[in-house]
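Q: If you want the building blocks of each chain, they are given just below.
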Amino acid sequence: MLSRWRDLLPGVVLLVMVVALYWITTTFSTVPALFAQGMQATAMPRLILGVMAVLTLVMLYQGYGHVEEDKPVISWRMWVTAGLLLAAFLLFEILGLTLTMALTCLLIPLLWGERRLGRIVIYAVCTPVMIYLLFTYALQLRLPQGILSPWLS
Amino acid sequence: MEHILTGFSILIDPMSLAVILLGTIVGVLVGALPGLSSSMAVALLLPFTIYLDPVPAISMLAALYCAGTFGGSITAILINAPGAPPAAATAFDGYPMAQRGEAGRALGMAAVASVIGGMLSLIVMVLAAPALARISHSFGPPEYFALAVFGLSMLASISGKSPVKNLIGGAFGLLIATVGVDLTTGVERFTFGVPELYEGISFIPILIGLFAIAELLAQANVRDKVLERISLNAIKLPSVTDFKRVWPTILRSSGIGTFIGILPAEGSTMAAMIGYNEARRWSKNGDKFGTGEIEGIAGPEAANNAATGGSMVPTLALGIPGSATAAVILGGLQIHGIRPGAYLFENQPDLLYSIFAAMFLANVVFLGFGLVGARLFSRISLIPRTFLWPTVFALCVVGAYGVNQSMVDVMIMLIAGFAGFWLKRYGFGAAPIIMGVVLGSLVENSLAQSMIIFDHDAWRFLDRPIAIGFFLLAAFSLFYQPVFGWLRRFRRPRSAASKGAK
Chain X
1 MLSRWRDLLP GVVLLVMVVA LYWITTTFST VPALFAQGMQ ATAMPRLILG
51 VMAVLTLVML YQGYGHVEED KPVISWRMWV TAGLLLAAFL LFEILGLTLT
101 MALTCLLIPL LWGERRLGRI VIYAVCTPVM IYLLFTYALQ LRLPQGILSP
151 WLS
Chain L
1 MEHILTGFSI LIDPMSLAVI LLGTIVGVLV GALPGLSSSM AVALLLPFTI
51 YLDPVPAISM LAALYCAGTF GGSITAILIN APGAPPAAAT AFDGYPMAQR
101 GEAGRALGMA AVASVIGGML SLIVMVLAAP ALARISHSFG PPEYFALAVF
151 GLSMLASISG KSPVKNLIGG AFGLLIATVG VDLTTGVERF TFGVPELYEG
201 ISFIPILIGL FAIAELLAQA NVRDKVLERI SLNAIKLPSV TDFKRVWPTI
251 LRSSGIGTFI GILPAEGSTM AAMIGYNEAR RWSKNGDKFG TGEIEGIAGP
301 EAANNAATGG SMVPTLALGI PGSATAAVIL GGLQIHGIRP GAYLFENQPD
351 LLYSIFAAMF LANVVFLGFG LVGARLFSRI SLIPRTFLWP TVFALCVVGA
401 YGVNQSMVDV MIMLIAGFAG FWLKRYGFGA APIIMGVVLG SLVENSLAQS
451 MIIFDHDAWR FLDRPIAIGF FLLAAFSLFY QPVFGWLRRF RRPRSAASKG
501 AK
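From first to last, the protein sequence lines are chains X and L. The first sequence begins at 1 in this note's numbering and counts up one residue at a time. The second sequence begins at 1 in this note's numbering and counts up one residue at a time.
Pulled out of the complex, with its shape left as it was, chain X reads as follows (with noise of 0.2 Å):
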């Protein structure tokens, strides 16, 4: 039966999500009514959570009968691409912009199959060189440099 529910797991991911979101507007402080000016804090995250559980109710009873489309399937690279963002968060702080740069140009080419290794390499070193030159001395923005903040800040 669940096999002919279209949308039941997003609806579901929903639901929860709104009764949790609900259930942290109950720890929202209270302010007398003179400075709520008549609307609490918890008014419009409420109301827009009860406007989502409708609407995700709605969908739930459309998809209901129908079977879930076939989407296509996610690949290990997807995967792996998603953790390598991930890692690549993490070593902003530690490697600095600049260096972690470098290093996403390089393996996420080679993760998604490009085998021209000096041409990664060519990519890999301008790339970053080029953004941290075009932001930090033409924007003036600076960026983070981590463990090559003595040369490059």
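All the given hints hold, so there is nothing to weed out.
Not the full set, but computed from the structure, chain L residues with beta-carbon under 10 Å of chain X:
1) Q219
2) W389
3) P390
4) V443
Here are the computed distance ranges between Cβ atoms for each label pair:
5) L462(L) to A20(X): 34 to 44 Å
6) T27(X) to H456(L): 22 to 32 Å
7) R142(X) to V194(L): 16 to 26 Å
8) V194(L) to V121(X): 32 to 42 Å
Only part of the chain L face toward chain X is listed, based on derived beta-carbon distances under 8 Å:
9) F48
10) L167
11) L175
12) A220
13) A394
14) V397
15) V410
16) R425
17) A448
These are calculated hints, taken from the structure and not from any lab test. C-beta: ideal position from N, C-alpha, C; glycine also.
Put chain L on the given structure of chain X with help from the hints.
A: Okay, now just chain L, sitting in the frame of chain X:
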């Protein structure tokens, strides 16, 4: 007249001219790249405009919007890979024409139709935006709340498979906009003790995440496909015969595109699809559409470019975005401290003419690109995605970081990107969420102010005729599809039964 001259003076300021030309070139380049849309390009460029004065910054984004919409047609015609969704309809007849050796004629028609559509919509923009802004002078918080509800309700009819999912996306965007300290009560909402969230979630990281990072993850899932590239033997303007044949189509599609652009939330993609369908409906050769009919290029191209000028009308006059890209530009206006609406035309009347001048110039420049540089721009699609997307990621990181110089914004960008990927997979688009985020503060503030005006009696909205009008329009846009669907289903069995009786 003085304001017009001041507005157009942007074209003689070398710096402003340079950034507008840069916006146009980047727009055509990005538009030509499958996967990169003008919304994404504007989102990526937005953080860097902070270093510019407001007028050239917004003008550059507007020029990019125009050029990006046209750029998609180059690859749609040459390699059957629309660079952006609004160009999808152009590929239906553009690619067959290119296959039979008429790539130049197809590109020429796309460029000319786009320019005519774009120019006509700019004239409408210059005339309609101040008029609409003057009308909005009489709007109070209740009218603005009703208008924002109408804008959000239009999400039900924007392109996408499910109106309900678009509405859920819009509501989700509104919810994101509530994060931070509530300005009225001083109460923290969904901040989870993170100080960087006290002022709310920055618009730019969400924008970049939903558009660019989500697409990057989707690209990781794509297998390389060999695109057949048509050689471009000759670039030529459409012949006089062609022009005689298509001018009614161009004019009709320009009107359709401008009108659809003016409607809140409706953008170039829908304009192009309707422009194409109407071109087919009115054409003597409607049955040949899809095999390489030149009207099949003129229709969608005039419509999708006309929608760019049209969508700027509610954006500038009312602060209600006319499309996803216009929502990003509206975010840009807010970042630069420009308040759209009647006050904009009173305090900075020359901005409208600067935007007009920038979009006008963009149209002229991409006409040149379309006729002369298409061969060069078509090569952009040959950039391997293995090199393109890591660069996009690097620009995303710098863009998200640069606004507040905060790594929390980079984290928000990644979370928005991952969420955007999954939402897209289940049919929830990025555009409705962005619309919700942009309209969030307007909805909450105008509702709160309305409730104070009405002494907390919501029924008093019914005392405001303009607000009632917007609510009725909202109800129509929400329910016309289900009601008409129900009526069709209701009629079908009856007519079938009556045929059976006969």
